[in-house]
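S.K.: Work the whole structure out from these sequences, hints included.
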Amino acid sequence: MDNDQSDHLKAYGAVYWALQRGEPVDWLLNFRGGAFLTADFPGLRNELALRGIVHESLSGTATARLVAEVESDRANTGLVRLETPPRIAVYAPQQTLPWDDAVLLALEYAEVPYDMIYDDDVLGGALSAYDWLHLHHEDFTGQYGKFYQYRNMPWYIEQQRDAELAAHRHGYRKVSHLKLLVAQTIKQYVGEGGFLFAMCSGTDTYDIALAAHATDIVPSEYDGDPINPNAIGELDYSASLAFEDFRPSFNAAEYEHSDIDAGPPPQQLQNPALDYFTLFEFSAKWDPVPSMLTQNHVGTVKGFVGQTTAFRKHLIKPNVVVLAEVPQRGEVKYLHGSYGQGTFTYYAGHDPEDYQHYVGDPPTDLSLHQNSPGYRLILNNILFPAARKKKQKT
Amino acid sequence: MRFLTVCCLCVFVFVDLALAQPQRVNRTPPPTEEEQLDGHAASRYQLALGYLRGMQFERAIAILRDLYAEQPERKIFFDKLKEAYVDVKRYDDAVALLDDALTRSSAVQPELEAERAQLFYLGGDEPAAMEAWTALLRSAPDTEAVYRVVYASMIQVRLLLQAIDVLKQGRRVIGNTNLFQAELAQLYNLTGQHELATQEYLDLLSINERQLNYVRSRLGRDLEQDGALEDAIRITEARVVSEPGLRQLRDLLAWLYEQAGSFEQAFEEVIALEEDTDASGQGIYQFALRAAEADAFVVAGRAFQSVIEGYPGVDISIDARLGMADMYRLQAEKNNNPERYKHALEAYETFLKDFPEHPQTSVVMARIGALHQDVFRDQEAAERTLTFLATRYANSSIGHQARFDLGRLALANGNLNKAGTIFARLAEQADGELAAKARFEEAMTHFYAGNFAETQSILNSLRDNMDKETANDAIEVGVLLMEDPGTDSTNSALISYAQALLLFRQHKPAATARVAQDILAQWGQHPIADDVRFLRARALLIDNRPDEAMMAFGELPLIHPESPLLDRSLFYYAEILETFQGDAAGALQAYTDLLTQYPGSLLVNKVRERIRALRSAGV
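Residue numbers (our numbering), protein chains in the order written: chain X, 1 to 394; chain W, 1 to 619.
Treat the hints with care, as some may be off.
Computed list of lysine-lysine pairs in DSS-like fashion (alpha-carbon distance at most 27 Å, straight line) [what the hints assert, rightly or not]:
| hint | chain 1 | residue 1 | chain 2 | residue 2 |
| --- | --- | --- | --- | --- |
| 1 | X | 174 | W | 168 |
| 2 | W | 89 | X | 174 |
| 3 | X | 302 | X | 317 |
Please keep in mind that the hints were generated in silico from the structure rather than gathered at the bench.
M.R.: Structure follows, in structure tokens:
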């Protein structure tokens with residue numbers, strides 16, 4: 001999985017495919033960009049060839065030597081055994097919205113199976129059937145993504161109508177109330193051991209909604225009544241997962257939910273060649289989870305913007321692990337934390353291979369970005385729930 | 001006792017505006033209510049506004065409440081106090097304020113009554129809200145404006161279904177089914193009731209045909225929603241049947257059919273519209289062009305024919321004949337249909353004969369030339385047409401293209417000197433991409449003639465304006481010359497190979513295979529032997545000799561294990577197995593071998609597609 005790999009993204013799908021067939025795969029953390037090691041079982045070579053994945057064959061002795069080298073204390077490498085393919089759900093409406101979702105693109109390209117679920121499923125208890133949940137670009141604050149300027153577009157009308165109908169179906173007058181219940185149900189799922197992954201506005205709006213459980217932060221343009229006059233004072237930051245002390249934006253026309261998002265970089269840096277973020281390197285033996293999440297063949301990844309582009313560092317809770325940051329700007333791109341028995345990972349930005357994705361733009365063709373480091377970070381997330389927990393060295 | 005002022009108010013406003021018109025020039029605007037305030041009240045009011053801006057609502061409310069108590073007739077005090085109450089969600093206080101205002105008023109105030117109901121709703125008291133709205137409607141059941149006020153207040157709080165009921169009730173009670181059509185259509189659309197929305201738009205259209213563009217634009221936006229187009233078509237169809245005399249409905253239906261890609265049905269409506277009016281044929285002609293563009297060739301052909309027969313001697317029928325010829329050509333290209341190519345050629349030639357002075361003559365001739373040259377390979381006819389074009393339109397893009405095609409024709413005839421001269425001159429005189437293509441072809445004439453130094457020299461000078469295909473060809477030839485010269489200083493093998501390539505280009509596959517075989521017999525160990533073998537295999541395949549071609553492709557890796565052509569050979573081999581031999585399992589194995597042995601090949605995406613297709617077919 002270093003620079004010799006021809007298709008990094010498909011490799012994740014091949015690992016998933018092997019796990020589906022009951023073949024365990026070892027993830028060699030920090031070794032050649034996070035290589036995978038598995039037995040040469042029938043059909044494997046053809047499948048790798050079909051998917052265009054470069055592989056190397058090792059003899060039994062060479063394999064034993066490699067494992068010993070990776071497990072040795074001399075290098076910051078480690079081995080994690082992947083055993084069970086995680087059951088994956090993507091929280092997204094059936095409605096086709098005029099923007100793509102990087103996780104869906106990655107899963108489709110890597111040929112990793114998943115189910116789509118939405119509000120009715122979440123509230124009906126469907127989450128218990130899944131190990132890993134991705135939140136698409138949902139607005140959990142009930143402000144329809146703050147796309148107020150698009151309010152007369154058919155997709156917006158349909159989105160608003162469906163959300164209102166769902167709210168009424170569940171006995172709520174306001175969409176924000178329904179979304180809060182969904183957010184809280186997801187939080188409970190995480191608390192009970194689920195793995196949550198969110199990108200772009202699915203990150204901050206989720207935390208904002210949780211923190212605003214006792215107040216109204218939705219301007220009248222979206223729900224017909226004004227925000228609570230003391231909305232800021234009524235925010236409960238203990239309820240959110242990753243962020244605290246943030247201030248929601250109460251301007252209905254502002255395409256921003258809060259000050260959690262640092263927004264796009266300064267004009268002179270709004271260039272894919274200049275805008276980048278760096279991945280932290282973790283101890284593969286002591287911190288296997290952050291290590292898994294940051295496996296990559298590069299240490300610096302090109303930046304990309306989104307409705308939520310980067311998180312302001314000073315608003316991140318102290319117990320959250322920063323996985324990648326934008327140097328010199330006090331901004332975090334990628335973070336990870338635990339809640340109860342489960343974990344959550346937030347990745348800011350919309351599409352790692354489309355610097356600035358606009359509403360209505362065509363989806364990214366990942367066959368043109370087979371080695372995308374930014375997309376690798378997404379796919380790291382789907383594999384780490386497959387890892388067998390092992391005792392850490394003491 | 002209150003009395004109704006809504007209608008009267010409208011009349012007064014109207015009259016006032018009418019009277020004001022002639023005097024407007026020198027009149028300064030009347031002072032606003034805020035400007036009329038005395039100094040003390042004005043400063044307190046400004047202070048309250050400052051508190052509101054600073055979100056110190058309670059302080060602002062205290063001042064505004066005093067101001068309102070002192071001057072309840074001042075609308076700005078009332079409005080601002082009410083707004084402040086709503087901002088802090090003190091809906092009960094806002095309702096009390098409205099009650100007070102209503103008590104002071106001697107007239108019914110529908111806007112205030114509706115707002116009061118809205119405040120009940122915002123405060124969570126839905127029964128009281130509904131009761132208040134109902135009472136308001138009951139107070140003036142025959143007044144259209146009251147229904148509008150209630151509807152507007154309800155949609156403020158997204159009570160869309162209830163707003164629909166109110167407007168429907170208004171229609172029923174007032175006894176006018178044409179009321180609130182645009183409002184109801186929008187509400188039905190917002191609530192996903194596309195059938196009913198369409199009904200409303202159709203009603204609107206029925207009474208005013210000039211609304212067609214408005215309805216199209218509104219519907220056009222709504223049709224993007226799931227199921228909306230199907231609903232709209234169904235409803236409009238029924239309406240056209242029940243009201244056959246309204247052409248605007250039929251016009252809309254034709255447009256809806258086109259949106260759905262149902263051009264056959266759209267054509268029926270277009271014809272009916274044409275019969276119904278003092279027709280010019282323009283509607284059918286424009287439809288035919290759209291249908292051809294959308295690949296609906298059969299119906300497009302019928303439409304063109306209908307114009308040709310229906311409007312003889314008129315300009316539109318001439319345009320239709322050209323449109324028909326273009327359509328044949330498009331259809332032939334799309335389906336690779338030789339019969340259609342014939343029809344296209346005949347149609348173009350007849351057009352040219354019948355309308356020699358038509359402004360599109362040069363374009364038609366260029367199309368005829370291209371058909372002769374590239375489809376029918378009638379070189380004599382092609383040369384005649386192209387020579388005429390090159391002479392008559394010498395300095396235009398059509399003339400330049402004709403000269404380029406003449407160069408190609410000379411190549412096809414084996415007249416390399418003539419071809420070289422044409423391309424060289426054209427490269428000097430033309431611009432951009434065509435000039436680069438001409439220069440490349442000039443290089444190729446030297447290549448086919450065995451003048452490799454000249455070829456290389458021209459290729460080296462080629463830098464800009466090349467399209468991707470030409471650039472790739474140029475690289476391929478350049479690499480061949482650099483890497484495969486062989487040890488023979490006379491370049492005999494390479495010269496023969498260039499001749500074989502020319503034969504291949506001249507669509508002579510049997511001769512190509514023969515020459516290639518001769519080269520292999522004489523120079524079997526030459527560095528170009530793998531290229532020659534590959535060319536021979538391709539020629540055999542084109543010559544419809546798949547068994548021999550498969551053998552030729554199959555032996556290439558055995559004889560030339562280091563050749564860069566191995567992946568391509570294996571791909572052809574697999575394709576022949578799959579297509580000609582019906583050996584799907586063998587093809588699957590060959591494709592899989594290709595992936596395994598040549599993972600870096602440019603063909604891997606195609607190969608994966610084929611493997612997946614075969615696998616999904618159960619192989």
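S.K.: Run through the hints listed earlier and report the numbers of any the structure violates, in increasing order.
M.R.: Those not satisfied: there are none.
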